[in-house]
Amino acid sequence: MDSVTPSTAPILEVTDLRTVFGTREGTVHAVNGVSFHLHEGELLGIVGESGSGKSVTVMSLLKLVPMPPAEIVSGRVMFNGRDLLKLGSSDLRRVRGGEIGFVFQDPMTSLNPVFTVGYQLMEPLQKHLGLSKAEARKRAAALLDLVGIPSAVDRLDDYPHQFSGGMRQRVMIAIALSCDPKLLIADEPTTALDVTIQAQILELVRKLRQELGMAMIWITHDLGVVAGIADRVIVMYGGLLVEHASVRDLYGNPQHPYTRALLETLPSLDSTRSKRLKTIFGQPPSLVAEPTSCPFAPRCQFAFDRCWKENPSIHTTNGGWADGRVSHDVACWWDIDQGAPRDDG
Amino acid sequence: MLRYAVRRLLFAIPTLLVISFIIFALLDLAPSDPTAQLPLTIPEEVREMIKKSLGLGQPFHIRYLKWLEQFMVNEPLNLIEQYWNIQIGDSESRLRVRSWSTRAPVVDLIADRLPQTLSVVGISYIVAILIAVPIGVVSAYKQYSIFDQLGTFISMVGFSVPTFFTGTVLIVIFSVMLGWLPSIYDTTLEVTDVDSFIAQFKQMIMPVMVLGLFNAAQLSRFMRSSMLDNLNQEYVRTARSKGLSEPVVILVHVLRNSMIPVVTVIALGLPSTFAGAIITEQIFRINGVGQLLIGAIEGADIPTVQTVTFIFAILIVLFNLVADLLYGILDPRIRYD
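Line order of the protein sequences matches chains A and B. To convert, note that position 344 of the first sequence is 344 in the numbering used here; the numbers rise steadily by one, no gaps. To convert, note that position 169 of the second sequence is 169 in the numbering used here; the numbers rise steadily by one, no gaps.
Honestly, the hints are just simulated from the structure, not real lab data. Yeah, the Cβ is synthetic: ideal placement off N, Cα and C, and Gly gets one too.
Here's a subset of chain B near chain A, in silico, CB distances under 10 Å, partners left out:
1. Asn232
2. Gln233
3. Tyr235
4. Arg237
5. Gly243
6. Leu244
7. Ser245
8. Val248
9. Val252
10. His253
11. Asn257
12. Ile260
13. Pro332
14. Arg333
Just chain A, with the same shape it has in the complex:
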């Protein structure tokens, strides 16, 4: 699914997003100046290990991070020509659920246990689309049918605990899709599910993308999932964007030592099985201060003196295609292809 980026303006453009959390131990810098964009109908994968700031990044887009303790210190989130971070609360609520749908990680806890699935599905329909109760119910049944829940009409009156995990995630997807959003953000939607259910959900998402053609952001720490569905991928580490490329480029020619190390941790099906799974040595960084050096340096085999002094700027390694092909960007002082430090400033 190596799609060619359309030449139209992106529907989402995030610039220099910074989110911090005020805690008793000090300020935690969860997102430190992340920029990315998304075109219509495109699927962007965001990968990174736990605590790399993936979820906080996407939550910040719609101010869904708990504020306080969180605070969005800077950034611009242009969506459909408006800066979401500057919207008033009622305008923001119209975007939430109405134009941008959200699917969360754990379907077991993401649905309200005391309301029926139908009620929770009809809420956004009545609010955003102004449907009457009967109309909303009809559409809710159609949505459940769309996400592959059998005998949808009868199941509207069931409570979340009467659904299995995979079915609940389908319900969550139905809620996120209910008002025909232009963008669907899925925050590790398959992490809490077992592999067969995960495969079903991925298949469903592929099908829905073809039918509805909306843009998606898919957060995961599973590189295999991203390879299967994404057009472009962002790799995050320590609240920073460290690499951005098309799926093919990222897997074929990873430029950042972290991406490379991540890919090496994947067990391979066709080579001989190694005794132990590969790991990345060391711990992910604590985010108590704004990064002044490369956050990956302590774990990096290529680290040299500049990495400890300066936070790497973003380099475009494939010339930044003007014809619409995806640029391959990396935040690293080491040129992995040349095996030498980069010479530019």
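Assemble the complex: chain A is given as a structure, and chain B must be docked to it using the hints.
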């Protein structure tokens, strides 16, 4: 649900039988003499005859079974006869549980006193809920705000200061110093017009507030912690991500979940409020069930004490069942089948 309720009610019968036996046995073991308060000039033989006439000549198990028959069979029959105005058997010769001191049937005594107690306890409990729920919701939503800190402080004070102290302080301020409210509750007052309604309202303010604030202090804490538990749940984020407004998120999604444990606490707390009302009734001289019990204990009126205590026990067992049933209604995950 109905089957469960019926089953639980049937289970309540052996429980209550055991409780009734314990109450009866404990009071029987207590060293009390119903003739102790009679003049000393009454000779010993007469005293013995008085005791015999009260039924004390019989052995323990006979007295227990008699009391059981009177309370469990005869009194309900009387109530049924009165209510539907019918005649079942020979109601004249049916023995009733009689007070040793007034010789009146205990059930009639309780029926006389119950309206006063119910109005004070019932209204105070409603006041407590009406105060506690909003305070709990706001304290949790604005956790660690000045409102929350103040609420925590006041409920700590309200919970740790006993009602006999707050009641007395209120009497000193509003009855003695300001003279706004009566310090004694007039049970003979009948509400017929606006003036008597105002008088009734004025005499109820203090007992209701003393009892209500005491209960509100505890309930608001429960409400707050239950809200806090739920505010961090992921379904709250889902509700916000759907674009719902904050009032809907808090008052529909979070409150509904938070009420589940709180309703249980409310139902379980109601019978103990009856017991707590005894002190308040004593302070404000409310002629209620609590006063009846205190008077009966002081006068060694064992049948009255047994009966009132047993009615409290029935209330506790009953409201336990009510709490469980409410739990099943509020939480769809709980099914009693």
